[in-house]
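Asks: Sequence:
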Amino acid sequence: MLIEFKVANYRSIRAEQTLSMVASNYSDELPQNLISCDHVPGLKGTKLVKAVALYGANASGKSNIVAALCFFAEFVRDSATKLQPGAPTGAQPFKLDPACLTQPSKFEITAVINGIRTLYGIEMTRERVTSEYLVAYPKGRPQVWFERDWDGAKGKYAWSKSTVHFQHDEALHEKTRGNAAFVSVAAQFDHASADKVSAWFRERLGLMDMSRDLESANAARFVMKDKNLRLVLSGLVKGADVGITDLVLLKGQKAELARVATRSIAASRHLFDSITYEPERLSEPQKNWEDRLSEMVSRFDEDFATPQLTHRGSSKAVRFSYYGEESVGTQRYLELGSELLLATAIGSLLAVDEIEASIHPLLVIELLRAFFTWSGEVPGTQLLFTTHNPLLLDQTLLRRDQIWFTEKDQEGATRLYPLTDFKPRKDESLVKGYLAGRYGGIPFIPEGLKF
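For reference, each letter of the sequence shown is one residue, going 1354 to 1804 in the numbering used here.
Hints may be right or wrong, so weigh each one.
[As the list claims (entries may be wrong)] Estimated spans, in silico, between C-beta atoms of each pair:
1. D1381 with L1788: 46 to 54 Å
2. G1765 with D1543: 41 to 49 Å
3. D1381 with A1511: 46 to 54 Å
Since the hints were made in silico from the structure, they are not lab data.
What you are looking at is a predicted structure, and each value in this text was computed from that prediction instead of being measured.
Beta carbons are placed, not taken as given, at the ideal position from N, Cα and C, and that holds for glycine.
Build the full structure now, drawing on both the sequences and the hints.
Replies: Right, dumping it as structure tokens:
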């Protein structure tokens, strides 16, 4: 479970910004939207929210909050194996202030990992990791398990370690390159404690960009292989479109998938990859796009299954080609519903950018209500999403402490803040307040654009 995420000097984020999933104690409203932490040492009486909605004007930086979490996760998972010696770390400092370009970017989470509150953070420049630290609270009090800090004068890392609580192998220190996370390296060598942290990013964190091409339907295929999950997903789809009568997996779609892959790569040069449910990468980053396409197509077996929806016709049911005839909205709804189902099945955090893309607002509302119901079965399930949809500002759907905003200051830097800063009343119309600009997070429209 995510408790808190901090980020600084990354893309539009200059000063440190903090996103907290800790619930306010002002109200006991919507208890189904909360997670109790009574079982976690040191957190008795603390509750976390199951979901946070992030609002903001275009280019205000709300997507960069999700992108920062995504980058952090990928670096922890892959830096030991995917980055070549001397390769850039991938950090993207705040460009509008020259002083930030040489300063490190910071990423830090506080999360419940294997029942223990854990704080883990990395600071890095574009060239190397400058600081990495892991603090655990197995008995409610902090235990520093390791720290490493770059000493530029000596040209090496200074290590601070706890030999009692965290087993250290000096050889692993030597194996850790400047552009890699120690947790990532140690996990490759089966270090038990490091692997638990790495596994949280690998198995308990899903990332989804609804604005991109979702034709791969990774999550939908995964869900439909489970009979019980497929029944739930089928009900969701049938409820969204009265013309749909059935949902099945159809085999023998190799040629069609190859065509879609070709179009997808040519159009965007981006292969959507669910890092939670398909952790295997298609190819090394150094390969060119033609090699990636060839490798992708070669992996399509003849029995590769794809979703297939049956529609009610005038005289008989008709199956539509998923990649050629189904609407974009249907595809996105099916994939989002599948990702939410997977998150609630394993108790993970799902971060979604632009959750309402091509989906009717009322359907998004129903998906969120379903999520809060499903998540009651598996503790730890959470959702973070960006949105422009004011209809979600409904106090029968979201608590006031589940709503956050981003704004840019006059120097182009993102500021992240919660709705609770404004102390809105329980009976206040959040929609009216938001659209009137009472909470910020909306675009400024000059008089010249008003007709």
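Asks: Decide, hint by hint, whether the structure agrees.
Replies: Quick rundown of the hints versus the structure:
1. Separated by about 28 Å at the C-beta atoms, D1381 and L1788 break the suggested range of 46 to 54 Å.
2. Remark: the range hint 41 to 49 Å for G1765 to D1543 is upheld by a beta-carbon distance near 45 Å.
3. For the pair D1381 and A1511, the beta carbons lie near 48 Å from each other, so the given range of 46 to 54 Å is met.
In this structure, the one hint that does not hold is number 1.
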